[in-house]
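Asker: Single-letter residue listing:
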Amino acid sequence: MGAYIIRRLIAMAGMLVTLSVIVFLLFSVLPADPARLVCGKSCTPSIIKAINHKFGYDQPLAVQYKEFVQGIFVGRTYGEGKAAFDCHVPCLGYSFLRNEDVTTLIKDTLPITAQLALGGFVLWILVGVSIGIVAALKRGKWQDRTIMGAALVGYSFPSFFIALLLIFFVQIKFAVLGFHSYTSFFDSPAEWFKALVLPWIAVAMLYAAFYSRLTRNQMLETLGEDYIRTARAKGLRERTVIGKHGLRAGLTPIVTAAGLDLAGLLGGALIIEQVFALPGLGRLSVDSVTTSDLPVITGTVMVAAFFIILANLVVDLLYAVIDPRVRLA
Amino acid sequence: MSDPFLQVKDLRVQFPTEDGVVSAVDGVDFAVAKNKVLAIVGESGSGKSVTSQAIMGLINRKTAKVTGEIRLDGEELLTARPEQVRSLRGKRMAMIFQDPLSSLHPFYSIGKQLVEAVNVHQDVSRSAAMQQARDMLDRVGIPNPDRRLKDYPHNLSGGMRQRVMIAMALLNNPELLIADEPTTALDVTVQAQIINLLRDLQREFGTAIILITHDLGVVADMADDVVVMYGGRVVERGSIDDIYYRPEMPYTWGLLGSVPRMDAGRNERLQPIPGQPPSLIRLPKGCVFRPRCAYHELVPGNRCDTERPDLLPVTPEHAVRCHLDPAQRREIAAERLGVATADPAMEDK
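Chains as they are written, first to last, in the working numbering: chain G, 1 to 329; chain R, 1 to 349.
Just chain G, with the same shape it has in the complex (with noise of 0.2 Å):
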């Protein structure tokens, strides 16, 4: 087990390391000029070869991606003599859009991503899975057919809709909740949740939906198989059959699925983020696209990937923990 992590945690670094290559190869391509952006109005060649040299821009690649791997582990020193500041571990780079590195600007708005994203996962879990399992157990009764078919619905709908939807009933129409910007749990708990509960439920139906039709069919899979059939032979209460040897089964594979897709969702929920404009890691990202703020965008992508592949490793892991046949090797 101990070997199999070592090995594991290795080849995420070689994975890591890879992305960010072809990541810092895909923007040196980019018609992007990055000096000619904050140059300013009066720009001058000398400004921006001055610029250009500041950030490490005129060096060759091989040299810029040598600096940005040091600044990750060691840190790095941008500008020489008394304009010089220092950019600490780990430094993933310097927006000179921002005028901030990258680093902070992450841990300012990971968080916010977070929470949005934990909230979310434990609502789309909670309702998603049960309604799938009593979905499964009334199958093709009319409590089957309506949450699969609200399922399907919400299935379908985009999510800024949903987004869009709940704003204007709750927000709007009804007034139910007025508008809200995010406030730290810490300076006002009300506030927090008043401006967090809208996005929750707008990432949990579009999730909840997927997750009602994934329980349902895995638990009707399940139900089918022969332990089944044993358990009742065994004269095993119905309650004890379905809700112990019907769930454990059922649900193992959705611990796979729920870990990649919370993982996803902390690399950002763009959308939701935008349309309720949660200052996380989801707008980060679409903002400094859209102003081609690359050493942000180059960070936010290595942030996102690192919680993919780290889930990954999680997931497979809890997967050995939960299903005796596999074995880590």
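If you are wondering where the hints come from, they were derived from the structure by calculation, not from laboratory data. Nothing here was measured: the structure is a model prediction, and the numbers come from that model. Built from N, CA and C at the ideal position, the CB exists for glycine as well. Check before you lean on any hint, since a few could be wrong.
[Stated by the list, open to error] Capping the alpha-carbon separation at 30 Å, the derived lysine-lysine pairs in BS3-like fashion look like this:
id : chain 1 : residue 1 : chain 2 : residue 2
1  : G       : K141      : R       : K91
2  : R       : K34       : G       : K244
3  : G       : K49       : G       : K82
4  : G       : K41       : G       : K54
5  : G       : K138      : R       : K150
6  : G       : K244      : R       : K65
7  : R       : K91       : R       : K65
8  : G       : K244      : R       : K9
9  : G       : K138      : R       : K285
10 : G       : K244      : G       : K138
11 : R       : K34       : R       : K9
12 : G       : K141      : G       : K173
13 : R       : K36       : G       : K244
14 : R       : K65       : G       : K138
15 : G       : K141      : R       : K65
[Claimed, not checked] With beta-carbon atoms standing in for the labels, derived distance ranges:
id : chain 1 : residue 1 : chain 2 : residue 2 : range
16 : G       : G243      : R       : L298      : 28 to 38 Å
17 : R       : G74       : G       : R239      : 27 to 37 Å
18 : R       : L312      : G       : R145      : 43 to 53 Å
19 : R       : T189      : G       : L19       : 29 to 39 Å
20 : R       : T79       : G       : Q143      : 25 to 35 Å
21 : R       : D73       : G       : R325      : 55 to 65 Å
22 : R       : S157      : G       : V314      : 28 to 38 Å
23 : R       : S87       : G       : I10       : 52 to 62 Å
24 : R       : A128      : G       : V314      : 56 to 66 Å
25 : R       : V124      : G       : S184      : 48 to 58 Å
26 : R       : Q271      : G       : R239      : 47 to 57 Å
Following the hints, complete the assembly by docking chain R onto the known chain G.
Answerer: Showing chain R alone in chain G's frame:
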């Protein structure tokens, strides 16, 4: 067959489907006495598994119509409350299944699954249940039972898994054990071991056994009585000697003719039954076996096409569902299988 422990009368199981009603079991009667082994023989789709699951109450009554009578020690099961039938399952009647790997829960250890079976019906401590489980594993010939309790099904071989299933079924000392093709998924060498084990345990515990199989070799080894099923019906019923030495139904001849025999000549070929088992949705109007029967022309007046034969007794214990004339049947059987003449009971013919 005085004092039948299990009595099945006119059992019918019907599954409504989009294409029509599937009559999986259509008016089946039989009885099993304590201490006896009844074999139910037939091809896949003959209704033998459905019959056994109906006895255990494992047929979903919401999706299937089950009618008739099933009496376990006098107690009618089909009209009993589901909770009552549940409390009998695993306690007075137990079942082992065809494929032990898929029939054991992959996520729970052998010990947990056995303890669970004990604790449903016995109010004993976990450790006492574990001790029972251990002893039963020992009893069914599993070496190192303490270690096996901690194993998962996938750690065991096929034969060991089936032994675990048998142990699980016997934990609560059931009076009736239904074995649904217990050896089909196993290697041939292991098959014999499992059958021997079942026979030994049957003698030791005095359990009545219903052995469901299509393997006539297994039947000859164990059974006291045999029921031959075809198309959801009993087509022949009798003692083991009746079925092996005095079979009178063309389908039974077919089954016996498709088994390799030690005393057959080297160049003698097996005689498979031509054709396929019938679809249970639109059964032929006449004899269900008619489309595959080589002898229907011997019956005058096309009766095989128009009239369902009844299950008629030949002797008090031997009954056959066939339009052929009894004398004619014996003649054909003697010619085809060379068995009837070898039997002293038939010499006066």
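Asker: Hint by hint, say whether it matches the structure.
Answerer: Do the hints match the structure? See the list:
| no. | hint | verdict |
| --- | --- | --- |
| 1 | G:K141 / R:K91 | violated (33 Å) |
| 2 | R:K34 / G:K244 | violated (35 Å) |
| 3 | G:K49 / G:K82 | holds (18 Å) |
| 4 | G:K41 / G:K54 | holds (19 Å) |
| 5 | G:K138 / R:K150 | violated (36 Å) |
| 6 | G:K244 / R:K65 | holds (28 Å) |
| 7 | R:K91 / R:K65 | holds (25 Å) |
| 8 | G:K244 / R:K9 | violated (36 Å) |
| 9 | G:K138 / R:K285 | violated (38 Å) |
| 10 | G:K244 / G:K138 | holds (18 Å) |
| 11 | R:K34 / R:K9 | holds (17 Å) |
| 12 | G:K141 / G:K173 | violated (35 Å) |
| 13 | R:K36 / G:K244 | violated (36 Å) |
| 14 | R:K65 / G:K138 | holds (19 Å) |
| 15 | G:K141 / R:K65 | holds (18 Å) |
| 16 | G:G243 / R:L298: 28 to 38 Å | violated (59 Å) |
| 17 | R:G74 / G:R239: 27 to 37 Å | holds (29 Å) |
| 18 | R:L312 / G:R145: 43 to 53 Å | holds (50 Å) |
| 19 | R:T189 / G:L19: 29 to 39 Å | violated (54 Å) |
| 20 | R:T79 / G:Q143: 25 to 35 Å | holds (28 Å) |
| 21 | R:D73 / G:R325: 55 to 65 Å | violated (40 Å) |
| 22 | R:S157 / G:V314: 28 to 38 Å | holds (34 Å) |
| 23 | R:S87 / G:I10: 52 to 62 Å | holds (56 Å) |
| 24 | R:A128 / G:V314: 56 to 66 Å | violated (40 Å) |
| 25 | R:V124 / G:S184: 48 to 58 Å | holds (56 Å) |
| 26 | R:Q271 / G:R239: 47 to 57 Å | holds (52 Å) |
Against the hints set out earlier in the document, violations occur for numbers 1, 2, 5, 8, 9, 12, 13, 16, 19, 21, 24.
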